[in-house]
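Participant: Those sequence lines, one after another, are chains A and B. Heads up: the first sequence begins at 5 in our numbering, then just goes up one per residue. Heads up: the second sequence begins at 2 in our numbering, then just goes up one per residue.
Since the hints were made in silico from the structure, they are not lab data. Don't take every hint at face value.
[What the hints assert, rightly or not] Calculated cross-link-like contacts (lysine-lysine; reagent style DSBU-like; alpha-carbon spacing at most 30 angstroms):
no., chain 1, residue 1, chain 2, residue 2
1, A, K644, A, K469
2, A, K820, B, K213
3, A, K378, B, K186
4, A, K377, B, K151
5, A, K378, B, K151
6, A, K682, A, K639
7, B, K151, A, K300
8, A, K377, B, K78
[Stated by the list, open to error] One side of the interface only, derived from the structure: several residues of chain B facing chain A at Cβ under 10 angstroms:
no., residue
9, A65
10, L67
11, N125
12, L135
[Unchecked claim] So the derived label-pair ranges between C-beta atoms look like this:
no., chain 1, residue 1, chain 2, residue 2, range
13, A, R466, B, A227, 31 to 37 angstroms
14, B, Q203, A, R466, 37 to 43 angstroms
15, A, L12, B, Q202, 37 to 43 angstroms
All values derive from a computational prediction rather than experimental measurement. Backbone N, C-alpha and C define an ideal beta-carbon position, used for all residues, glycine too.
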Amino acid sequence: MNRFRLALRLLWREGRSGELTILLIALIIAVTSSTAISLFADRLHRTMSTQAAEFLAADLVITSPTLLPPVWQEKAKQLNLKQAQTAEFSSVLIENDELLLAGIKSVSELYPLRGHLKVTQTDYNDEKITTKPPKQGNVWVEPRILSALKLQLGDSLMVGEKKLTISHILTYEPDKRGDFYSFSPRVMINADDLAATEVIQAGSHVHYFFQYSGQKDDLATFSQWAKLHLNASQRLMDVHEDRPELGNALSRAERYLGLSSIIVILIAGVAIAMATQRYSERHFNTSAILRCLGCKQNEIIWLYSYQFLFLGLFASSLGTLLGWLGQQGLFYLLRDLLPAEVANPSFLAVILGFITGQAILLGFALPPLLRLKKVSALRVLRRELEPLPSSAWLVYGCALTLISLLIWRYTNDLKMTATLLGGGLITLIIMGSIIYALLIQARPLLPKLSLSWRLGLQGLLRTPKTTVSQILAFTMTLVAMILSFVVSSDLIRDWQQQLPDNAPNHFALNIFPEQIETFKDDLKQENIQLNQLYPVVKGRLVEINDTPVQQIVSKESQGQRATHRDLSLTFSSQLPQDNKITQGQWWDSESTEKGLVSIEEKLAKSLKVTLGDKLTFTVGSQQFNARISNIRSVKWDTMKPNFYMVFSPSTLDGYAKTYLTSFYLPKENKNSLNRLVKKYSAMTVLEVDAILDQFKTILTQLTQAINYLLYFALLAGFTVLFAAVYASLDQRIYEGALMRTLGANRALLRNSHLIEFSLLGFISGFLAIVIAETLTFALYYFALKFEYHPHYLLWILSPLAGTITVAIAGYLGVNKVITQPPMKILRTTADN
Amino acid sequence: MSQSQVNQTVETIIETENLGKTVFSSDAELNILSAVDLRIKSAESLAIVGASGSGKSTLLSLLAGLDTPSTGSIHLKGHDITQMDEDGRAAIRNQFVGFVFQSFQLLSNLSALENVMLPLELANDNNAEYSATLLLERVGLGERLSHTPKQLSGGEQQRVALARAFVTRPAILFADEPTGNLDSKTGSHIIDLLFELNQEQQTTLVLVTHDKALANRCQRMITLEAGKVI
């Protein structure tokens, strides 16, 4: 206990004298950054998940072709989950002698559990947001229903046998999907009216959606329970699987948040290691005196460990508080983009930030601190006695273990952890060795240089090992900053490419071949740019290598879902845009060979088929065969028409086909749509603009959040670079003062210092871009699945930024050699 | 244990036998110290003199247990410190030994009072502040308690060092050129103080110096030349 009190007293005395400032700043940066990012990422993730849940209109959805037994309702009730239920089916509506196939959706009282509906009573203007479904006896319809059936608001509409009043125009529903039922114009009725319509009979084709929302833990319990009770025809929906365009964006953003955490921790770790190194070196004499006064080796370590423990507790508490304030600040900056209700900070994330702080301190500070144990008592008589450095295994082992654990904990991704660590380490070792060799080789150059260049270079060559470790520390910090910058800008660019401003936001289906020419002309007149037209034949996969498909596909698989319904089959001489061949070869564009099919790779995997397999399809009552000629990967998140099966051009000859296309229509030109729909009555238009807008909002939020994180990482990086330079100045200041006493003038010292630091910064900046490019390549290839492009501009900017930053920091740091009397400096430095 | 053995242990505080120190460089071995047999009695003051490089400081560091000999043994207060590990020797230093150095060796971040308190705090003494204040007043620095070494002159720093050395009432005090960094007037004040405190506390004093006048104030003097007592 006494030792503890003594340690605290020593700590207090050290703190008072300013000895701990750099170390404390480094620690506070570390904890502040890790807490801020961990809290920010956690809150953003939960906010985004809630927002993403809106796309399902619930936290968890189970689809089923039949009603679920009452036990499901009871289980959900037990877990305090809110429940809603929708049923979707197709029905033909007949009014005013007009006939229309509509997608009917009956919704229960609490629908939607997440998100909201938008309705209007005055045709698009004055949209109102509501979270309540239609009242019993009322019906909400999409505008196309009114125009197609010549109806107006307030008119009655027969749905099956039930007469309902059209009370609102439905303009947005959160969980509108791109499937067949959603393609037809929507009619929304109250669940209590469903029975009276008498549309649903035994054997009717209905999709039920059982929706649940509640606390995360309860939902997880329910989800686990549900998985055990699902039958082959029922399925648990998931935003990542059912909305791939959104799921991909979210998972990439999450990975970036994870990467940012690691990056700031790495930056802070470098700062702590350097600051502790300096602290340790400045305490060799103190340790020697303590040893002389009878302190045992272990007591010395305990004295310092207690001090660091306390220092860590103090810095972690302060850092946690600052981190908390920091993430509040980030959310404040994002307030216009994020929903009004942002998830609360989780206590666990706060605690994690705190623990991370302690762990970083332990991993990076312990090895330099252990050197103090080895200081010989004889140093009181012989100052030149330096303790042996700690074992390299210990120094790097500690830091590496810690970084691996943190990376793994943040990314939950072994591949990414291995990529970052392995790639980084190998490049670092190679580069370190090359720099060491170059430094040694540079010695013969010295006599040929001018005095200030000679002195500057000598500063680097004096102790090449120290120089290499300093360069590597600066390099690590710069690498972290570059990675942060590069990945964030590539991520954002990828999203922008994925969703350009005029991305198609409407799909038109069921265009007959004879209508194509007039349809093209009409679009031109309306100033709408037409994309590619795809022929579509509705068909079903029935056999694989002459075996009925249902005997091959496993329950609940993608294959089962794909073969359970009609597929949109198309043919093309060219490989569709954004598709890539993963196996086999695309057919020759001039080829007239019949019976070849190209299949999407995930479906191929699920159906367990490979090149050369024979697939049998039915179209209406006819049957035909095709051989798998190649397998494609498809980008499902592009919001462009995509197909599971593409046939060689003449294979589908003779079957009735329609055309499908997509186009961009600005919101203000919506009336064009009404004119088109009127003229092409059989055509179905799928309006995805609302979904796209929602998706774009989420991407904008993520982009902004990522930008702020980047600024944060860069700020931390620059602060640490400055701190790291300062931590390495003692020896330089001492030698500078000594040189002044020997008659060196200020200009010479200033120039030689500038040269020395500029060289340090330049080499670090150059190394940093080499390592950062290697890491980016590895990250993109293995973890983020981006296409890698070299960042040419950074090859100039990085060495330049390194040179300027390190030169400025170094120059400011050693400036006192020039401005203060040398004797004063010599006396001060000799005391330490 | 017979009465004569007890008397001898009480009488002799340090005893060395065939003490030697050899260092090896890449191409040769160098005998810094060889065959030193020395017996120092309790409360005795002994000066070790000799030219630079004669091995004075090496002998002092061996006697104080700061370094280990290549040959021979050292008994300090009856303990064979050559058989001990570094931690064992640290415990002996803590219990029996005080130091005064040529370069003062004060901790620059601590005040004068805190520097003097430190050895007491290490020994878990609850009256550290009181004892340290008393001794600093005794050496004439009662008004400078809160000053750090940087704010004190060389003579004042050495007085703090003296106070730190005597505050634990060590059985034996090792002084390595205590006036080496001071002008002759300040040096002589420090030496007066050193001998006064030595008298008051009946401490054994082992002093390394090349100042003949200072050496003459000690009860006994040994001279080293090329690592040997002559």
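Participant: Do the alpha carbons of K682 (chain A) and K639 (chain A) lie within 30 angstroms of each other, as the hint requires?
Facilitator: Status violated; Cα separation ~33 angstroms.
Participant: Using Cβ atoms only, decide whether L135 (chain B) comes closer than 10 angstroms to chain A, and label the hint accordingly.
Facilitator: Since chain A brings no Cβ nearer than about 19 angstroms to L135 (chain B), farther than 10 angstroms, the hint is violated.
Participant: Regarding the pair K378 (chain A) and K186 (chain B), is the alpha-carbon distance no greater than 30 angstroms?
Facilitator: Violated - the C-alpha atoms of K186 (chain B) and K378 (chain A) are around 39 angstroms apart, more than 30 angstroms.
Participant: Regarding the pair K151 (chain B) and K300 (chain A), is the alpha-carbon distance no greater than 30 angstroms?
Facilitator: 28 angstroms, holds
Participant: Using the Cβ atoms, figure out if L12 (chain A) sits within 37 to 43 angstroms of Q202 (chain B).
Facilitator: Violated, since L12 (chain A) and Q202 (chain B) (Cβ atoms, about 31 angstroms apart) do not stay within the stated range.
Participant: Quickly compare the C-alpha distance for K377 (chain A) and K78 (chain B) to 30 angstroms and report which way the hint goes.
Facilitator: Given that 30 angstroms is the threshold and the Cα spacing comes to 27 angstroms, the pair holds.
Participant: Quick one, is the L67 (chain B) hint okay against chain A at 10 angstroms, beta carbons?
Facilitator: 5 angstroms, holds
Participant: Measuring from beta carbon to beta carbon, are R466 (chain A) and A227 (chain B) in 31 to 37 angstroms?
Facilitator: At roughly 35 angstroms between Cβ atoms, A227 (chain B) and R466 (chain A) fall inside 31 to 37 angstroms, so the hint holds.
Participant: Compare the distance between the alpha carbons of K644 (chain A) and K469 (chain A) with 30 angstroms, and conclude whether the hinted pair is satisfied.
Facilitator: Violated, at roughly 56 angstroms.
Participant: I want to verify a distance hint. Is the separation of the beta carbons of Q203 (chain B) and R466 (chain A) within 37 to 43 angstroms?
Facilitator: 51 angstroms, violated
Participant: Holds or violated: are the alpha carbons of K820 (chain A) and K213 (chain B) at most 30 angstroms from each other?
Facilitator: Status violated; Cα separation ~43 angstroms.
Participant: Can we keep the N125 (chain B) interface hint, with Cβ of chain A closer than 10 angstroms?
Facilitator: 5 angstroms, holds
Hint check: violations occur at hints 1, 2, 3, 6, 12, 14, 15; the rest are consistent with the structure.
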